[in-house]
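A.B. asks: Each chain, letter by letter, is given below.
There are 2 protein chains.
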Amino acid sequence: MKPAEGRKRAVIEAIQPQVDCGRYPARRILGDRVDISAAIFSDGHDHVAARLLYKPEGEREWRFAPMTALVNDMWSSSFIVDRAGAWVFTIQAWVDHFETWCYDLKKRLAAQPDPSSPDPAKRDLPPQDIPVAFEIGAQLLDQTASRTKGADAKQLKSAAASLRALAAENAALYDYPISLEIEQLAARYPDLSFAAQASDLRLWVDRERARFSSWYELFPRSTSPDSSRHGTFADVELLLPEIAAMGFDILYLPPIHPIGRAFRKGPNNTISTNPGLDEGSPWAIGSAEGGHKALHPKLGTFADFDHLVAAVRDHGMELAMDIAFQCSPDHPWVTEHPEWFIHRPDGSIQYAENPPKKYQDIYPLNFESSDWRGLWDELRSVFQFWIHRGVRVFRVDNPHTKAFAFWEWCIADLRTEAPDVIFLAEAFTRPHVMYSLAKGGYTQSYTYFTWRTGKDELQSYFEEITKPPVSDFFTPNVWPNTPDILHASLQTGGRAAFMQRIILATTLAASYGIYGPAFELLENVPIRQGSEEYLNSEKYQIRRWDRAAAHSIAPLITRLNQIRRANPALQSDLSLHFHTVDNPQIICYSKSTIPPPAPMTLAEAQALSSAHDAHRGAAPPSGPSTARPAPAGPPNVILTVVNLDPHNEQAGWVDLDLKQLGIGHDETFDVEDLLTGIHYQWHDRSNYVALRPHVMPAHILRVTRRSPDTSGLLDINTL
Amino acid sequence: MKPAEGRKRAVIEAIQPQVDCGRYPARRILGDRVDISAAIFSDGHDHVAARLLYKPEGEREWRFAPMTALVNDMWSSSFIVDRAGAWVFTIQAWVDHFETWCYDLKKRLAAQPDPSSPDPAKRDLPPQDIPVAFEIGAQLLDQTASRTKGADAKQLKSAAASLRALAAENAALYDYPISLEIEQLAARYPDLSFAAQASDLRLWVDRERARFSSWYELFPRSTSPDSSRHGTFADVELLLPEIAAMGFDILYLPPIHPIGRAFRKGPNNTISTNPGLDEGSPWAIGSAEGGHKALHPKLGTFADFDHLVAAVRDHGMELAMDIAFQCSPDHPWVTEHPEWFIHRPDGSIQYAENPPKKYQDIYPLNFESSDWRGLWDELRSVFQFWIHRGVRVFRVDNPHTKAFAFWEWCIADLRTEAPDVIFLAEAFTRPHVMYSLAKGGYTQSYTYFTWRTGKDELQSYFEEITKPPVSDFFTPNVWPNTPDILHASLQTGGRAAFMQRIILATTLAASYGIYGPAFELLENVPIRQGSEEYLNSEKYQIRRWDRAAAHSIAPLITRLNQIRRANPALQSDLSLHFHTVDNPQIICYSKSTIPPPAPMTLAEAQALSSAHDAHRGAAPPSGPSTARPAPAGPPNVILTVVNLDPHNEQAGWVDLDLKQLGIGHDETFDVEDLLTGIHYQWHDRSNYVALRPHVMPAHILRVTRRSPDTSGLLDINTL
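Taken in sequence, the protein lines are chains V and X. Just so we're aligned, residue 2 is where the first sequence starts under the working numbering, counting upward by one. Just so we're aligned, residue 2 is where the second sequence starts under the working numbering, counting upward by one.
Next up, chain V with everything else stripped away, as it sits in the complex (with noise of 0.2 angstroms):
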């Protein structure tokens, strides 16, 4: 079947960002200048123009920016996402009459047989018609001044008067006639009866915490100064000048809702003898008391609640919470909704279950109800519930086991009206279904970060999850321990495991969390050999805890906190750089804030060489590549040397990729390290490190060109 319209010529490929042929939104910041760029060509030699159409969604109007050639067909603009929210943008594409001639007539002018030249050979060239080259152009003015009015109309007529003016001349030789006032004027006009346009490519942009963020987990229940009673509410408060002191953004709570009392958990995941004195899981969500729109009476009153989210907000922090969607058998649901679980033939409600283990007080959600929209609105409030008391970030606890479709929906209506809500997914699962998470709507989500402990599995696992295609939808949190996983490497690694999991977890990602005050505490005892599982274990049971003890890292997390919000590289993912150290026990790696370089244009690769052999495929010539715009003001460059093993010193020799670090070959350079202020000398590539995992295990450097007055810097390859 032929097209409704065969005159579109241009085609536009591969544009990129898009997820998944642009089945989901890729993701940016806001504020962040989003690069869009395409293969865009149109059959034979005439010229092709683009641009790029953008626009928040919702918005009638299209914003617009030119496209810039590069070479070989590939095009690239960007623009600046100056509101969070969801974006959409595409790509027209149109052959340019006008350009096209005007290139040809330069050709054409440079062709004229010259009487004067003294060369016969310029003497005998072929006429070339440059009064009907004129009248064309002239034409083609006056198509595009008919395509505005005014000032501009009447320029560009005038600028074809005057072609038909130097055509009428009838000269023995011409100069070019077109001013570079009127070559732009006219490219604002185009012709677009036969531009192409592709199709609509969707963009979400968060807020900036979306990004960078430092999370603190803590059960409230465990906070009491008081060791006799449950924690409250008001006792979390009293904690909040530490956490903010500790240089936290984000106070992360598990569930607070009423715990079940069927089947209630006692210490250890036993099954409680004594629910009158047992706690319970908080994660068996639901009793006479309520559901997931109702507070834990032992934690306090909603008043207690909106107290503490304000009181966590004049802290500099936002409060997290944990939303499970699961039930205890007491949970209202239960009875209100029977439809929403899954009824075994002998009348009891299926219990979450992995033979031979049992866990008779969770019932989990039946997302192939009959009433699965009844379902999904329930849902759904539970999150505008607790967005209507203020909270604007939540952990979601286990989202794969609850459909994808369900996810996406809510999410995306969630934020229609929130969208500086920010998701973080627990799924601890395979690749596949955590990405599809993340394409689906979810902010931030955990990492395997928790389990990588070699060089290797860490350097491949990071370049994964930072670069293109995953860092497009999918960006990490990083969790060196948190209440379900206690990892073997903490277990047997001692204080020195500890400081290197919060230094890679810092350094690394410009997300993280620890569950705290487990972390900086060292607790490191599992219920048995073999197992991730805390004993005693604060999932079950009210934990009390020595904040003030001598063996705290606090201070260590503290300090790794403030570089992190005094290094812009670091609250971000996507320059994350390794370098080779030629000893496995040591990884180095860096970021900054050095703008990538720009992709050489069409224009530069041509003033480069002009024999460029484009019909052939020839490969575009290798030069300068023009950087983008620097930002205001120095670079930001860390670069972070760890030592992996806790027990022995390391050491070995780094051998540097210059140019992530803004550095040249042969230069001398200051490297500081933030975690003890010492400045060394380094020099070109290959520089010594030495790390003892009992003092420091890593140096976090901040690289600076050298200054004038290098007096007081030490040479560390010469200590």
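Simulated from the structure, these hints should not be mistaken for lab results. Since the model is a prediction, treat every value here as computed from it, not as a measurement. Misleading hints may appear alongside valid ones.
Where chains are identical, the list cannot tell them apart; a pair therefore holds if satisfied intra-copy or between any two copies.
In silico DSS-like pairs for lysine-lysine, Cα to Cα no more than 25 angstroms straight-line [claimed, not checked]: (1) LYS359 - LYS660; (2) LYS456 - LYS540; (3) LYS540 - LYS359; (4) LYS358 - LYS123; (5) LYS123 - LYS359; (6) LYS108 - LYS358; (7) LYS359 - LYS108; (8) LYS107 - LYS358; (9) LYS359 - LYS456.
Place chain X on chain V using the hints.
C.D. replies: Just chain X now, with coordinates in the frame of chain V:
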């Protein structure tokens, strides 16, 4: 907005093959096994099942193939394309409740308390409610039965009844009650109520010659045995035995239409001063005698043409016509359809120009014509005209100067009637443009091979064009020379260069062509230094060739075509693999019919590692992957080694990737040089080669496992 059905829990992603998100069909060859893969998963722990749906386009009923789970949520299946033409396929996936129940039941049975066990831990296990589980299974079997009838339904219902009877027994300990037969029977009647289905994807299936073809181009006007006259179709017929004996299967003729008289070209691209004597360029199509549907009167009549087409077929070859959509000023379209051309303000028609060059004998067609519909129809009718005369192969001249949308429509439309037509795109232009023509329907494409002479550039280019994604839509047809291109390496490299280039062409690519007899007669004089144009080019004049000349390399070409026909490895490009050589002047590569290793299935991975920690995204366990069933007989393996230096002997050590050759570590194997018939005994990875360009610049080695009798084998390493 909520979806219409929220209970579709399975997700299908990343289906391969697909070209540009399904915008274009992927390509395969008749008889191919098409491997389809996708990521498929669901929320939670329920098992998913999936099937492949496929059919020739236009058939009403889908055909089905079950999909197999691989590790990390990847699934695969395949089908054989037993018909040329358009196919469609897609994937359905759903949560398989019966299979989930079977899996859970096995775990549940394994966790039964065993009152007779000597192990107290076994005795004290909590009860597992087996009768309830059996009743759930019986209900699932009843539901499955309701989706079929007859014997299958009866068998399923009877299995349900047996389960209920077992449940009623209330035994102390149960065995697994479901036979493999019932498991497989139930799988045949899945509950598809909430099955997800991906969008249809397209596949285009060509006949075998699309993949494997050897083209011989000649100018019919130069074929007269009588030097005083213009060659004819009858003269061409006399050459057919010789061309067929050389092993070619496509005889390609430059345009055979009437040649315009206005601005007719004389020898060496001059403007003819003697249009009566000069023959002009066959690409200046159209005169008073007719246009694209007419024959040049000097070549013969339609009866002669039809006779030639049949004679070519009788010699086991096919005739390829050249379709060049451009017109001489005398072409009938110029007066009949002036709106198909660009008119200048002075009333003249725009001829082709690239100032200072003028091509007044060529009028390009205007694809922005207001009558583009009429133009498209007429151009299509040109193909239809020749298709109806029995032509099935077209080489299209400069397709990139005609609108892409036209080609996509025209080729698709022609193929609805003649799916066996092969289109070769003569587009020597930028990569995106060449690829876009291939995506839009061109069967084969000219390539940059003509200009790729160095080892690295050959290697990287062939790696690009013979692997996905490019190989899913682009099929290279490589030409060492064309009437337009006498590459510098042939101008200066002598006979050895011609031998090198023809050996590279015939062994690197399954489809290739030469412009003869210029090639085999080593024609190498350019019109001037630095030009790729031939002196006295046949494009502008009749040439006389002494095909029997002693210096002809026709015998080598004949041998190469014999080798290609005898060795299936050389008839496809997908297995091409480059091996390392320690000499930059020696290139080494293999092609084979060894099937690629099959990816490990989930079942295999689970058998290898029952502790497979998939929920933590652990890397899949490595282990032996099951090779696909090998084709009948031993695989065909060809290893080619070429000295790229036309002047000097080159020698070096080849470092073989033995897996690609089907050879084991430390194995001794036989390689037979198919150019000389000499056998060598090679051993393990590292083997020595030395090649003298003037004797024979290459080995084309057939690799075979060592036979028991190795007497008479030469060990090249000890020569």
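A.B. asks: Give a verdict on every hint.
C.D. replies: Comparing the hints with the structure gives:
| no. | hint | in the structure |
| --- | --- | --- |
| 1 | LYS359 - LYS660 | neither (56 angstroms within a copy, 49 angstroms between copies) |
| 2 | LYS456 - LYS540 | neither (32 angstroms within a copy, 63 angstroms between copies) |
| 3 | LYS540 - LYS359 | within (17 angstroms within a copy, 84 angstroms between copies) |
| 4 | LYS358 - LYS123 | between (93 angstroms within a copy, 14 angstroms between copies) |
| 5 | LYS123 - LYS359 | between (94 angstroms within a copy, 16 angstroms between copies) |
| 6 | LYS108 - LYS358 | between (81 angstroms within a copy, 10 angstroms between copies) |
| 7 | LYS359 - LYS108 | between (82 angstroms within a copy, 12 angstroms between copies) |
| 8 | LYS107 - LYS358 | between (81 angstroms within a copy, 14 angstroms between copies) |
| 9 | LYS359 - LYS456 | neither (38 angstroms within a copy, 64 angstroms between copies) |
In summary, the structure is inconsistent with hints 1, 2 and 9 from the numbered list given earlier, while agreeing with the others.
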